[in-house]
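Asker: Spelled out from the first residue to the last, the chains are:
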Amino acid sequence: MSVISKAASAAAIFYGLSAASAFAQDTQVLPSIGIDSEDRPAGPVSSEILLRDKVAPLQSGTSDTAALIGRLPGGSSFGAGGFSSLPVIRGLESQRLTILVDGVPIDIACTNAMNPPLSYTDPQTIDAISVITGVTPVSMGGDSIGGAISVETLTPRFAKAGKRLLTGELSTFYRSNGDGFGGALSITAASDRLSLSYAGSFTQSDNYKGGGRDGTVRSTEYKKTDHALSLAAQTDIGLFELKGGYHFSPYEGFPNQYMDMTSNKSWYLNGHWKGAFDWGDLDLRAFYRDTDHRMNFLADKGGTATGGMPMNTEVHSAGYTLKGDIMLSNRDTLRLGSEFHHQWLNDYWPAVAGHMMMGPNTYINVNGAKRDRLGTFAEWEAKWTPQLTTLVGVRNDQVWMNTGEVQPYSTSMMNMADAMAATAFNAADRKRHDSNWSATALVRYAPSDQATLELGYARKSRSPGVYERYSWGRGSMSSRMIGWFGDGNGYVGDPTLKPERADTISAAVSLKGAGANGWTLRIAPYYTRVHDYIDVVKLADFTNMMGTPTGFVQLRFANREAELYGVDVSGSLALWQSSSAGTAKLTATASWLRGRNLDDGGSLYHQMPFNATFALEHRLGGWESAVELTVVADKNRVDATRNEPRTDDYALVNLRTGYAWGNYRLGLDVQNLFDKGYDLPLGGMSLGDYKATGDLRPVPGRGRSFNIGLTAKF
Amino acid sequence: MAASPAYRLAQASDTRAFGFLVSLALHAGVLAAYGLWSHSPRLIPERREEPRTVTIMTLPSLETEQPSARRPKAAPRPANQLTPPSTTPATRARQGPQASPDRPASDQAALTLPVAPSPLPARMNVDMPHPQPASPQAASSTLSTARAAYLRRLWEWIAARRPAGLHLEGEALINFSIGADGALREISLAQSSGNAQLDRLALRTVRLAAPFPRPPESLGVGTLDCVLPFHFN
Ligand SMILES: [Cu+2]
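Residue numbers (my numbering), protein chains in the order written: chain Y, 72 to 785; chain Z, 8 to 240.
Because the hints were derived from the structure by calculation, they are not lab data. Because the structure is a prediction, the values reported are computed rather than measured. Just so it is clear, CB atoms sit at the ideal spot from N, CA and C, and this is done for glycine as well. A couple of the hints might just be wrong.
To be verified - Derived Cβ-Cβ restraints for the label pairs, each shown as a range:
hint	chain 1	residue 1	chain 2	residue 2	range
1	Y	Arg-228	Z	Ala-203	15 to 25 angstroms
2	Z	Ala-203	Y	Ala-357	51 to 61 angstroms
3	Z	Ala-203	Y	Arg-402	48 to 58 angstroms
4	Y	Lys-569	Z	Ser-199	50 to 60 angstroms
5	Y	Asp-574	Z	Gly-227	19 to 29 angstroms
The shape of chain Y in the complex, shown without the other chains:
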């Protein structure tokens, strides 16, 4: 510090001293150190990052950001609506992960998790997706027991000094299967100090067709639009960003739910400030989001001419995250942080006029539930040698939850189960306070440029969510409205649920061959033991009018013991490289895992079977192509408690080619080239089809689709 303080009279003193010194030397001029803002610091070994150039070729194939996570080793997703699948990392589903969009969390406002955080993003306007599959440092977020997903959009861009910048991208696509299409525009006008950006996208699709003889998969249509506006300023005291956005989806079918989304409106305002100081960096974000969500039936499930079954949810979220990186020395950095996250949620189902069962009162599912979380962490990063880095952190999250009294449609005989449950719920103490401790330790050792080894341990905690604690209906219908598992079962909450606590050991070895024609290989095994894992216990079989079981069951969330273990492998091999034949490489990823419920010895629910993807990628000038083979083993380890269906193995072939000339890119791809019919291992039951045909089947995967995409940069 004292040296720095002299900086004012800097040059004069400095040269003066040099000249006076008996050992005065000529000043040595070192070459410039270039700092490119596009360079990202290397993340943990078990992490992946998909930048714009990797996302763009995939945007004509899917409007579902979470589906992109499924392409990464260790990633998969629960099937849901066309842009709303729930990401899974290493067998842990989205509510157990940290998911941030532009650095802030987004609350789900739906009993079926129809509007998860990533549903507010569109692959067309995403700048980067970072995913940590292994041990996630405590500074990356709390109230989660698994990995982390972070999506960035509208990253501020500035002009070169003294210049003006006007830049953007216009894109559009068409998908033959489901007649899907969409478009996006992003535009930035900036000086070297101020930047104004807009990004907007829309997308829509009809029901898609399954492969082979699977036919149309009902309730898979959707439509949505997202808009965001951002103003950023570079000043001498740091970077300021103010970003606001609006999302509207008029409809999204859910093939594996009884309900469909008939409207989702959400707006937000985020503020961000980042400053660099002599002692380190400070980063402050504040956010507010308001979501208004409605469910009812789209046509495949009967429409709403007779009222259907309206279900409305409102959620407000607000909070801040503050992080400070204090550079103690050449070796040590201390990271301190504080986070607050407030969530308020109302969920009510208006009475349907003239309906015997759904009335005369409003069914109050959640009455002004509140979930407040205050997180605090400290993390110490030490670079012992250029080869050896350690990261140790500890974190506490205080969670306060409460909710108001509830009410069934009526207290008539038909609603007796709900009426009794409501009375019990209202009489019970619903206020909860959890104090959750987390700790992580990571060691990274890179003995050479060709090898990196990472070993991590984490103890992570997560408090139950609003619906896990406060869903109370015991009637057949009311409980079947709850659940994001897509299985047709009914779920009942439990206010006494305890937080989940997970111990994870994760390792990763990354190797690469030297030279341009190199190879890479990464092997990442892991083991997680979850105490009080929020699973289910069976309450009852649902029966039809005749009293015969329907195959669906009523379940209650319950703390169980669980373990998950597996290994993710990925690699690449350069095949050739020449100016005439271009470059070609072979890439492969594979994931294997087991999830076990230690209480009943069975499988955990929705565990992805062994799966692998092999791709041959070729590039020649602006021409880029890939042939992709995905193989998925049969799923024969299933959760018997939830009547989870088995699914068969399958193999899919995808082709992709794109040509870029100047500022334009034309992409063509064929998904599921051979139109293979298959069931999605995590797709749940096809309830839209069931309601229309009476035949129950797992949700079929998409059949062949020809996709075309066009992008212009300016």
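Model the placement of chain Z with the ligand on the given structure of chain Y, informed by the hints.
Answerer: Frame of chain Y, contents of chain Z with the ligand only:
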């Protein structure tokens, strides 16, 4: 809950027609944009060039201090050729000594600089650390090599600790001096980047990189004065 397909069909055909029109408009927009811009190439802002790789064969090669560090990168731009008062043009024009024979050739390949196609690769070398003007004695050439090697090591040491960028452009020049024990003696901002944030980052990087590797005794110096430009973009 009786079915009423008519409801959604009506709604869907409306919304679909709208969506389709928007899609059509976007397609047309892309095509129109193409037509427009392809006829007025001057309107197209500078395109991002594919980085080309130039390998510098003439640098003194060193064992890399930081295997895990990001690839050292010098910014190939005119600012790079800034000449502080004390270095003589004659010194700077000379090529550095050839790679020491005991270093594997692959070490040289490791220092590759992505550059825009226009600047002459030969210009790239002028800023790399060079020995002082050679004196007739043989000892002097050993000294030059030792100094160049040390400066190279020092550069890599600091470069390995470079901060993440701020999406801001600017160049800050830092003056600093290193004691015989490798400690930071003096540090100052020789030229501001125009943004206090970037200046702070540059100063902080050098300050936090200390203590530096000890200068070899053969250099026989008390303090070693350096100027280090940080180029942010
Ligand atoms: Cu919903």
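Asker: All hints, please: hold or fail.
Answerer: Each hint, compared with the structure:
no. : hint                                      : result
1   : Y:Arg-228 / Z:Ala-203: 15 to 25 angstroms : holds, 21 angstroms
2   : Z:Ala-203 / Y:Ala-357: 51 to 61 angstroms : violated, 24 angstroms
3   : Z:Ala-203 / Y:Arg-402: 48 to 58 angstroms : violated, 27 angstroms
4   : Y:Lys-569 / Z:Ser-199: 50 to 60 angstroms : holds, 56 angstroms
5   : Y:Asp-574 / Z:Gly-227: 19 to 29 angstroms : violated, 57 angstroms
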